[in-house]
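K.L.:
Below are the chains, spelled out letter by letter.
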Amino acid sequence: MILSIASAAITSAVLSSSSADPIAVATLIKPAIASPELAWAGLILCFPALAAVLCAVCGAMRVKSKLPGMITAIALIAAFVTTLSLYLTCHDGATTTARTIHLFDWITFAWRGESGDWTNFLAPFTLYVDSLTLLWMLFVTGLGSLITIYATEYMEEDQGKGYVRFFGGISVFLFAMGTLVLGGNLLLLYLGWEGVGLASYLLVGYNYDRPSAVAAAKKAFIVNRVGDLGLAFGIFLIWLNYGTIEYDALFQALADTTSSAGTTAANASEWSKAAIPYLLMLGAFGKSAQFPLHVWLPDAMEGPTPVSALIHAATMVTAGVYLIARTYPLFELQPLALPVVACIGCFSALLAASIGMAQYDIKRVMAYSTISQLGYMFLGLGVGSTFGASYHVFTHAFFKALLFLCCGAIMHGMGGQLDLRKLSGLRHVKGFRVTSWTLLIGCICLSGFPFSSGFYSKDTIIGAAFASDDPLFIFLGWVAIVTAGMTAYYAFRVWFRVCCGEVLYEPDLAAHAAPTANDAHGHVAPHDSANSQGGHAAHDFHPHGPRFAINGVLLVIAVGAILAALPSYLAEFAHQQNWIQSMVTDSSAVAGAGSSAHDAHAEHANHALSFTGISDIHTATSVVASAVGILGICIAAFFHLTNRKAADRLRHALLSNALTRWLPLAMENKWYVDEIYHVVLRLPAWAIGHVLHFSDAHVIDGFLVNGTARIPLHVARVFQPLYNGALQGYASTMAGGVALISAWVFWIWLQAG
Amino acid sequence: MNEPMLALASAIPSDMSSKLTLIAPEILLFAGAVAVALLGISRRASLRHAVPLVTALFLAASMVVTAWVYRSDATASSGLMLPMLGGYAKLMIAGIGILLVMVAGSSIDRRLEEAFESGRAEFDPIRVMRGEFFAFFLLSLAGTMLVSNASDLIWLFLALELSSLPTYVMVAVSRGKRKAQEASMKYFFLGALSAATFLYGFALLYGATGTLVFSEMRDVLAMQAATGGVSTLAIVGGVMAILGICFKLAAVPMHFYAPDVYEGAGVATTAFLGFIPKIAGVLALILLLSIFGWSGHSIQVDGQLVSSAGLPAPITAVLWMVAVLTMTLGNVGAILQRNVKRMLAYSSIAQSGYLLIGIIAGPPAGFESLLFYLLGYGLMNTGLLAVLASLERHGEEVETLEDLAGLRVRHPWLAWSMAICAISLIGIPPLVGFFGKLALFGAAIENSQMALVVIAAVNTAISAYYYLQLVGVPMLGQPNARTQAVQLVPDPWPRRAALFCAASILILPFVAERIYSAAAASGKAPTSAKGEASASVEAAARASAQ
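Those protein sequence lines, which keep their order, are chains H and G. Final position of the first sequence in the numbering used here is 1863; the numbers increase by one with none missing. Final position of the second sequence in the numbering used here is 937; the numbers increase by one with none missing.
Okay, chain H solo, but in the shape it has when bound (with noise of 0.2 Å):
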């Protein structure tokens, strides 16, 4: 059903926005300043790759203490030093230019065609910094330093092998992370690309013990392979299209191609420029999570949870947000794009909000959370908003992370439990009260509680949804409010269960069953060796609450997600322009059309929120939206805090009635879409693969491989009585090889005359 509305207000969409005049390219980016008096930005991307190596160096070695992690922690406190200085430098009062720093040549390549004119394809090993570059840098190293010391406690069970390989990966991570942000072409994204996609790999599949995580590491992979696959296509129809991949020189072939009405470097069909705003959005849905290929990250929390913190909430998977704002210049010229990606963006947010609300493993509702953030944010850049969707990146990235690391010290206290019905009234267990507070704090600005930081983020994308015109939008904007109602519930049904209420704890069974064994979650839970008397266990659980490193790192993010809506404040209460809002503006994110356009409408008298009396869109918005959010929190705090019963009936009474019994099944069986998929795709592949399979062993490699391997022998044997080892034969044999080949030039000259 929605999606038959979805699909009519597509049309609508279509229909407005063929008549209106075509989208151009309202802003021109200008051209970057080469900056080689800042090489000393290439040390972000040094500091990683020597902790990585020297990681490997740790393992050599067969260090068992917590040195690889200490080296990892401060190679990116280090890190993030410069990444500040590098802001300071750049950032000149207000504004921010952009810069490209040439490190090396990397790839050049040049040849002549048939023509005789020559072609190249550059790709240098060059850094480009403006403003989104540093937002992003800013946040991925500074949390990356944070999740790290935090992890030098989480992970102290492993010391050892255990441990090397995990700050190895960690450092990998942030390495191929800085080049995916910081590359100056196309080339250096897709090598980052890969690399951050490499690292999520070996840390989902860190217990490469257990299937269960060698699985989620390995769908993880493939999944992401499907959106790798249009990333490079597109990446391929830019270069055939506009002849280079450096974002500063496309960016001016861009504004060259809109002004002289786009036959300059038309070497292409149309049809193929037409189609790299889409492949771009295949490779940033599947790095992000979006519906269709959202199915790899909740499985993806098999890691250790500092990494579902860092790679799968926090940094890796806005890859994708970051590549729709640095390439928007190429989505503003294709119509349909945008709209695209805010329908595919609030259709994830709404599928994966509603799935979130029926899970039981609080590390999954918040996995299912993350999926329906980037929807958001997607969402935003589709609408127009490319300083939305940044904000909802930068303060998702601190509250996410937060929520994850609370997650992972339950966890790690409570012997690897994560179901919120066997967990209640930590806020009462001694140890435990940094976490529930901090987490409460990671809920609200999760949930958009007025004046939080997630408030401010969340209102500003759907406020720009509201303020455009355009139907399909509105629809969209409504669509984001009831998921931001269904988002508050969510999170606080989270905290009422894990901290309120009567203390109840029991530890996973199952990961306390065998001694030996990981917890279900990467942790080597500490209580194996006194608690190992099988199924029992739970009577002498004792929990143990996080120590310094958890609590300090998990204090210092909470205030960090607060902080984060300060630029809000500043913007509101003392007239400032809002900081991420500059830091957007001068970048290639720049919305052209869309951010005029929603300036213009801010204070349409007649807009989709009228009937709540207040002509301004974004306050008005604003209301609502905290309204459906208090709600929903209302809601949570009925079922789940002052009457837990209820909410067991009420999934009973549902379940009872046929006409209903559906909707919770398809919410806790996450909307079927991984069945779906067995039966689609992964069936007829195993078929496919089998015939495949059989075909390659009897007609490929028994009939081709074998026979086309006979041939050589055949010629082998014909040859071998030239092979034997006799001095006359070689040498008659060399002899009548001049002679022949002699023979063949005066045959040439003959013919040549």
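Simulated from the structure, these hints should not be mistaken for lab results. One should not assume that every hint holds.
[To be verified] A few chain H positions that, by computed beta-carbon distances, are all more than 12 Å from chain G:
id, residue
1, A1170
2, I1217
3, R1531
4, A1763
[Claimed, not checked] Example chain H residues on the side facing chain G (calculated, C-beta under 7 Å, incomplete):
id, residue
5, V1855
6, I1858
7, W1859
[Stated by the list, open to error] Pair by pair, the computed Cβ-Cβ distance ranges are:
id, chain 1, residue 1, chain 2, residue 2, range
8, G, A436, H, E1267, 53 to 59 Å
9, G, W804, H, H1800, 40 to 46 Å
10, H, R1792, G, P883, 51 to 57 Å
11, G, R462, H, W1216, 28 to 34 Å
Model, not experiment: these values are computed from the prediction. C-beta: ideal position from N, C-alpha, C; glycine also.
Guided by the hints, dock chain G onto chain H, whose structure is given.
P.N.:
Then chain G, alone, in the frame of chain H:
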């Protein structure tokens, strides 16, 4: 050398003194050869044992001297066709030479020396061969270096012979086995056959041009090309010379000796044969083809400047044919081998085919990538054979793939070195072999040799089959009773050489740009003065770029 001598050298602007300055590294190696030969027959064991070290020291000294003389003005006044060619080549020869000394180390005469030490045998200067081996080693290197300085056909012929004659002896003494002597005889006779072939070619070239000096021959041939075409005599002479030099490269049709000789020789000598004669061959080809206008040249015809049209078509066709046959036969032959040395012999045949791609592509890109690839190939080939040289089984050389099974378990560093070298030989990024191949293929594409690149790419895919065995068997295979007997040789230097090669293969890509520009500089005119030679490669590069 000090300041007054430099002043003396530049005060006399004659050809001869500049040439003498340029061959100072070779003169040093001659001195080294004498010193090493004398040390080798010394009664004192410590002096005999110092032979490899002294050899390496002379090579290092010749590197220093090379770096110094090629920065002086001698390059400009030498009147050579490619005066800077030696600057890169000699450094490469001496550098890889040091690695080869490390591989050969104490393997020569090892049993004999042990017998002397234990008192089982009396010292006998007739029986010791270490000094002899390293003296010939240095002489061969000197000959190879001299090729790069050749200014006429006589010099080229003598230099080529100097580089090959000592190798026949080296094969014979490399291990005390009849197989080695058989290999040496085959190598000698077939080498003589090839020498006869290229000498015949040289004679025809002399007949066609009436001069022996390269720069004059180049003018004559360019004049012929501009006025009615190069004479048939010169073409046939050129083809014969190229085919004769193919022996040095182990290229079709002169490749037959390679498997037998590489297998028969001791592993250290195999490493030597896989690389040093190839450099001599490549340098000789560069010089020979340059007289046909390969490196670009312009002459005055009726007061007008006419630039050379490049290689005559038949010569290009021969090179093309030889390249394709060489890489294909080499790779197909290697597939069937279980003996690693034999496999590497075929691999070195195939690699010569890739080198010829650079020759066909021509300067500037082909020239630079060729010299770059040579260096990489030298490291990869030496690294692989150094791994074999560091292992023994019941006192015998380790030769078959089965002996290497599960090497990783007992000697992880050696297994890793072998894997890195083999993967680099396939040309997988980010190792040096990949960048070498990329440059070669790129140069060929630039010169519209698409078909050649496609054939080479298919060949690379075929080569993965046997190179990956060198990765898979040591890394993934299981040790068994047979491999239990495989152990390290007492001399640590071969494995150090293997590690060094593997490390360089990993590191070189990071400095590839500098090496590449050094290779490029060796094809250009000297920077210090603009002599007559400056009209060579650089002008051609500019002409072809426009």
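K.L.:
Which earlier hints can't be squared with this structure?
P.N.:
1 and 2
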